[in-house]
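Colleague: Chain residues, written in single-letter form:
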Amino acid sequence: MAVYIDINRCIGCRSCEVACQRVHGGHGHINVHYVGDYAAVPVLCHHCQEAGCTKVCFSGALHKEGEVTAFDVEKCTGCGLCALACPFGVVWTDKLAHKCDLCQGREQGPACMATCPANALSDDFELAARRARERAARAAAVGGRR
Amino acid sequence: MIRVDARVCLGCMSCSNVCPSQNITRSEDSGRRTVHWKRCKEECDLCVELCPAKALSLVPWDENIPEPEISFDLVACRICGSPYATEPMLQRIESELPAEMQKDASGLEWIRICPVCRRDVEAEGTVRQMVLARSRK
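Chains as they are written, first to last, in the numbering used here: chain E, 1 to 146; chain Z, 1001 to 1137.
Just chain Z, same shape as in the assembly (with noise of 0.2 Å):
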């Protein structure tokens, strides 16, 4: 049986994705992701040798522990509103990238912003770049 620590866990698709079994399943609904460790028995650890915070470990087989589940609100993006990532692993890259990564040129928290009002917010600076260059004289 897989034992969760509900303290590290990221909230991440490893596990969910790893599992060759699909005893792990993973579902989101309305800004909420929950991830849900079904009890298991196979002699497999997948998911605990690719848990990126070490959350998972191998118990052996009781029938009183509950299936363990986890859910995280989703964080919602600071431009567009959408949800689209968990707190813990937010933190988890502002933690491993270099304090002067986590801001851009213009001093925004892109870490904060969701994928797609990144890409929408490079297209934009580009474009005042070559605006910019084509009205000087």
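So here's chain E without its partners, still in its complex pose (with noise of 0.2 Å):
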């Protein structure tokens, strides 16, 4: 499982950053981010198949757990090369690594899911696939955008 996001819906209104930042103590796993005046992204952990974190990770803190890429505070020395890893910067360190946990622990589910006002985040993977053929299909019935 992983959190998938449908652009198309993001309102760029950053709610998501600030329910992450409270599940988890002020330090928060999610970023949006702009691109130029016309769309907002929430860039988080892709919860990667061959996940990099993992493979650079010497101390086995962060590790595969199935579909997710799963981290033991424990183990962690904070020694800063999942950051590194990382091809969509979604993990950074500061004494110890912070990464998307899926809000593990929390019973309703990921908080920006829970948050998201547009409905623009979900763990559906098929949803925004749906979305997608809806809205082709009602543009082919009206004609299109003009």
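By construction, these hints were calculated from the structure, which means they are not laboratory data. A couple of the hints might just be wrong.
[Stated by the list, open to error] Pairwise CB distance ranges, derived in the manner of DEER restraints:
| no. | chain 1 | residue 1 | chain 2 | residue 2 | range |
| --- | --- | --- | --- | --- | --- |
| 1 | Z | Ser1095 | E | Glu134 | 40 to 48 Å |
| 2 | Z | Thr1034 | E | Arg131 | 45 to 53 Å |
| 3 | E | Gly66 | Z | Ile1079 | 32 to 40 Å |
| 4 | Z | Asp1045 | E | Tyr38 | 35 to 43 Å |
| 5 | E | Tyr34 | Z | Asp1073 | 29 to 37 Å |
| 6 | E | Glu107 | Z | Arg1007 | 44 to 52 Å |
Bear in mind that the values here come from a model prediction, so they are computed numbers and not experimental data. Don't be surprised by glycine CBs; every beta carbon is placed ideally from N, CA and C.
With the hints in hand, could you dock these two chains into one complex?
Modeller: Listed below in structure tokens is the structure:
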């Protein structure tokens, strides 16, 4: 499981950043980036299958648990290699590594997903694709955008 | 006392983070990171155990040995130019990741780019896909 983003819906309000920081004691793991003045993209851990951060972690703190790229804080030395091995820049270190843990231990699931007012975040991989197909079908039915 | 093999030290933040008596200090200013190992009488080997490069070892106390100190010039990001990592750390990552992972779809060598710019590149790439999908008829 990972959190998927539908950027067609993101309104760039940064509520997800706040929600994430609240759950993780001020250390948030999601960043909203603005592209020009027309789009906003929340960037967060992809929980890669072939995760670079787990490959370079020498202490075994970052490891794969099924689909999830998990983090064992007890083993982390804060060396900083993981932050440099993440192609998306979503792992960072400050004495310890910080990365998305999908709000482990939070019953309602990831806080960013729950808080997004635009429903741009979800853990359903198919949802964004389904919405895109719906938009395409609607556009075809009414003659597309003008 | 701690002995440091300067040829293998990565200049990472492991030893200075794990030392319980703060005998290892790390400072960063104007694109340079300096790690300083103070004379240490503790019978603890956390730093030795937790060094990713195995650069540290414990040697008997000797007043004549100077306190080791290594400075690293931080590598500047190829996009924004801000210093973000030591060269040995980046080389370690290049040696541990499979070659096909070291370039993204557009051929960008992302290891030489700082994490903030990597996020920007990721955001721009995602938006480009969205714009393309929308402009298709």
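Colleague: Taking the numbered hints from earlier one at a time, note which ones the structure violates and give those numbers from smallest to largest.
Modeller: Going through the list in order, the structure violates hint 4 alone and respects the others.
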